[in-house]
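Engineer: Dock the two chains into a complex; use the hints.
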Amino acid sequence: MTTVPNTPSQIHRPRKPFPFGRLLAWLGLALILLISVFPIWIVLKTALTGSRSLFTEAASLWPSEPTLVNFQRVLGLLSLEEVQAAGGSGSSVNFLNAMKNSVVFTGLIVVGQTFFSAMAAYAFARLKFPGRDAIFTMFLIAMMIPGIVLFIPNFITIRNLNLLNTIPGMIAPFILMTPFAVFFLRQFFLSLPKETEEAAFLDGAGPFTIFWRITLPMSQGPIATLAILTTIGMWNEFFWPFLIAKDEASFTLPVALQVFKSQTPQGVPDWTGLMAGTFIAAIPVFLLLIVLGRRVVESLAFSGTK
Amino acid sequence: MTVPVQRETRVVPAQAPSKRRSMSWMAGYLFILPAIIGFVVFYLYPALRGIQISFTDWNLLSAPEAVGLANYQEAIRDPKFWSALGITLQYVVWNIPLQTLLALVLAVAMDRLVKSMFIKGLLIVPYLLSSVLVAMIFLWMLDPLLGIVNQWLDATPLGKQPFFNSAEQAIPTIALVNVWKHMGFNALLFYAGLQAIPRTVYEAAAIDGSSEVNTFWKITLPLLRPVTVFVLVTSVIGSFQIFDTVAVATQGGPADATKVLVYYIYQNAFGFFRMGYATAMSMILFALLILFTLVQMRLLRANESDLE
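If you're matching them up, the sequences are chains A and B in order. Going left to right, the first sequence walks through residues 1 to 306 as my numbering numbers them. Going left to right, the second sequence walks through residues 307 to 614 as my numbering numbers them.
Since the hints were made in silico from the structure, they are not lab data. By construction, the Cβ of each residue, glycine as well, lies at the ideal position given by its N, Cα and C atoms. Honestly, I wouldn't trust all of these hints.
Stated by the list, open to error - Ranges between beta-carbon positions, derived for each pair: (1) B:365 with A:134: 36 to 42 Å; (2) B:376 with A:137: 29 to 35 Å; (3) A:290 with B:562: 41 to 47 Å; (4) B:367 with A:218: 51 to 57 Å; (5) B:371 with A:193: 54 to 60 Å; (6) A:246 with B:602: 23 to 29 Å; (7) B:351 with A:115: 20 to 26 Å; (8) A:204 with B:527: 53 to 59 Å; (9) A:290 with B:459: 42 to 48 Å; (10) A:26 with B:388: 42 to 48 Å; (11) B:420 with A:290: 34 to 40 Å.
Just chain B, with the same shape it has in the complex (with noise of 0.2 Å):
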């Protein structure tokens, strides 16, 4: 039984190992062939084909007309940009600092009182929900004649709310909308991390007399580090990117106080055919991300662990 398996090991490389070596580098190339075409023309090109487009005046019915820089240009003296911009990080700032902070005490209640996974799936139920289905079951329920949420307040001192309607207060509703949607993931997200801080480090504590806000504080936050990075720089990036929400409950209304970047960009290409204008603001987006994340990062010391 063995006496040929030895045979044939010894044959195999001593017949050609150029051609055996050539062999599976051309495997490696077949193996990452479909991957690479999906890469190459649906990645790569289209994000050298952007800044392509961003340097010209574009309707997509007529020639590309390269106008140089004159769309960053624009993009840095329409009023509409700055609006676009500001609405956004004012939904950011709605949403990221609630949605965290629930999460993660969400995610520190179900470590120490609960395990259960039939909590966890309902938690997750709203993220597991398209945000075209979110938009719709909120414009539903905040519905100013018939919304359950307005036929309960119509009965205490508030009163009826417009939400999505008002300019104040659509904004803000969007934003609470998707950390409703949200929260549960990231306390999931928040729970596995606490899952892999030692136990040990808990009970030292505990001997020590540590009251359990000390130790939150003292303990779990700092070594929760490298998850709560995670979870920030990946909901800033999302959140940045807010359009679904946008685009069924509000399309950017009412008077534009919903008309974030990404519908602003999505209105200028498909609203009204501006395509270059439409991708120098995407560019700048991208940049912006980029700043932002680095930033964070830097902020939160993401590469440091307290655990070491």
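Isolated chain A (complex conformation) (with noise of 0.2 Å):
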């Protein structure tokens, strides 16, 4: 690759008129950059607008008095009384209780998923057992059926489990695995080297010491790219909470969310409590991008590679 410059094409390569063309397509990807992320900050502007000033200030992209007083509100910070002299509706659904039950909704299901789905990878790379083939084959014909059809059977087996509106019922259709997570582990593990792995059954290492001692320090980076899918998978999955969760005490984000939206079915939606929330529901996938930021758009990229 860092020969290319050196090659004969560069010195074979036709005089350059004006480059019309190139110019055209950055004005092309600048204008697509621009689409990509405005509306984002359309929802911080909006956010930091004060009730009232959003009608007399619809059409501009600046708040002219900006204000925190709707992250507040949103976030429970004031009294009801405090809320409705801000213009809020008086609606109100508890973020903060909602961020909770999305940071323990996720958090448990990309380390139990990532786990168990890294040991049943491993094993259907190395061990041996009869039927390993045919299981892992079921595996993959899984990863073809669409969420409905699983969605409503599971949705009666966590009722008579009596798990409705509970963290459990919630969690325990991902916790366990899924066929893409065991599928691409699987993958990465024929990858690895067996010498090492030898050498320590040789010393009298058992599968377990040599799973959690070799194989999954050797494999940070795909289990990694793993965890940020199933992060922004699950931060992000709305059907299954929405399903579940008939309490505001059990709500996700995106639940909340669209619960605070619905509570005013009349009249004008309260935009800027609507704004501050999805502003602080999309944070999290923010800071991930910002501090991770190689890291998620190579595992994004690299979803695609299967």
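Structural biologist: Take a look at the structure:
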């Protein structure tokens, strides 16, 4: 790759007229980038706008009197009187609690799913047992089943187990495995050199010791990739928590936002509050992108190379 | 140092080979045990249970009553089912070509102009947002009264547009919103595919005097086919299951204009408690998805690569 500038193609390249094409492409790219991030700015701008100024400066790109009152009220930091004085509808959802639920929901699933899927993937890649390949094939087929096919019977199972409205009910279908996670890690484990594991085996190490001490430490990259993909997916999951969480106490952030919005079916929705809630719900994924930028981008790109 | 190790390697297999092997069988099963429980309880059982429920009439309260193929027959006769399927197709037709085309153009632009991580990061920001958030953002931006898009449109000859609130515009609007969400991510996938094409191929084309456009059609696109198949198959499967945006933005309205198939299934299951009918329709959706995937892979000759 680094030798490319020295290859003959550089020399043979035809003389360049003014690069209209390139300029046009740059403009196009800039426009699409603007379209990609502009709505995020509108969310922040609206969240920083006082409810009363919303009507007077709907078309402006900047809040004339920026205020944090919307963030304070959706986080429950203000009393009802203060909320109504700030122009809030009086409708409220406990976003702090929803944030806590989202963190617990996502956190438990990411840790559990990654670990248990890694164990299974290791067994499918390295250990020998009867029925191994048949079971793995079933996992692969399961990747094809659309969500709605599984969610209706799973809802009935969770209901029969009396787990509606509970965190265990919400995490149950995801915490032990997904076929994709098992498949993804198995592919990687297959590509690892066997020598270290064999040496450890001859030293008397059992399969779990080998898995824990050798395979997992050698697989930090793919495991981080999987954890990032799972974090994004679960933080944003709506359908399943929406089915299971019916009480405010168990709402995750996407469910809380939807409920907060539908609390004002008549009249004007509480846009400034909604946008403050939206921005708060998006902060963790923004942080993920800012802190782990390259890793997140590569993880997403990798999810397409199955 | 080496002596005890050698002795041990000799001793262990001699000791009890069959015992060792049965131990490792046990280990294998122990390792997959958690995943197997998850698989059996939340994938295998619900898939089989779903088939069973689809042959019953069941409102969750009284006992399920076997009705044979009645649910499937009802779906075929139900105009709302066909309308939901038609609306879903309409959504797919608006969503997929635009999303894929924009993603491809973006990927080529990134490949030829910049490879900056910062730009890639900006592009995937919409993909990182939950579809609930995305729906919320566009409900606000496209609000007929105060939304910024309509504030701007008001100053143009087009005038304010109803977007989500009109039967004609609602589905295209939902489709465009999801184009916004997904194009950057798909561009990233195409971009990763472009990086895998050997640069020497391009150099050879440049030496032969191939124009940029010609190079794109004759080289880039054919060599990108595996990625294109992946992007198309996964986004079509995803598009057919559109639910979140509808649930948040329109709830199927106005006048059922956005009642897509999964929303109609959801309504039957959790609104009217018609579990049998809802699962039967979800099975039909599953069958359609398999059919579409097979057709798409055949059309795009998925298994052939132009690189070999």
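Engineer: Hint by hint, say whether it matches the structure.
Structural biologist: So, going through the hints one by one against the coordinates:
1. Distance hint check for residue 365 of chain B and residue 134 of chain A: the Cβ-Cβ separation is about 38 Å, which falls inside the suggested range of 36 to 42 Å.
2. Between residue 376 of chain B and residue 137 of chain A the C-beta distance comes to about 33 Å, which sits within the given range of 29 to 35 Å.
3. Between residue 290 of chain A and residue 562 of chain B the CB atoms are about 42 Å apart, so this pair conforms to the stated range of 41 to 47 Å.
4. The hinted window of 51 to 57 Å between residue 367 of chain B and residue 218 of chain A holds, with their beta carbons roughly 53 Å apart.
5. Residue 371 of chain B and residue 193 of chain A have their C-beta atoms about 59 Å apart, which keeps the hinted 54 to 60 Å range intact.
6. A hinted range of 23 to 29 Å is violated for the C-beta pair residue 246 of chain A and residue 602 of chain B, which are about 38 Å apart.
7. In this structure the hint that residue 351 of chain B and residue 115 of chain A lie 20 to 26 Å apart at CB holds, the actual value being about 23 Å.
8. Range check, residue 204 of chain A to residue 527 of chain B: about 56 Å between beta-carbon atoms, so the 53 to 59 Å window is met.
9. At about 34 Å, the beta-carbon gap between residue 290 of chain A and residue 459 of chain B misses the expected band of 42 to 48 Å.
10. The supplied range of 42 to 48 Å is met by residue 26 of chain A and residue 388 of chain B, whose beta-carbon atoms lie about 47 Å from each other.
11. At roughly 20 Å, the beta-carbon separation of residue 420 of chain B and residue 290 of chain A lies outside the given 34 to 40 Å, and the hint is violated.
Checked against the numbered hints given earlier, this structure breaks hints 6, 9, 11; the rest are met.
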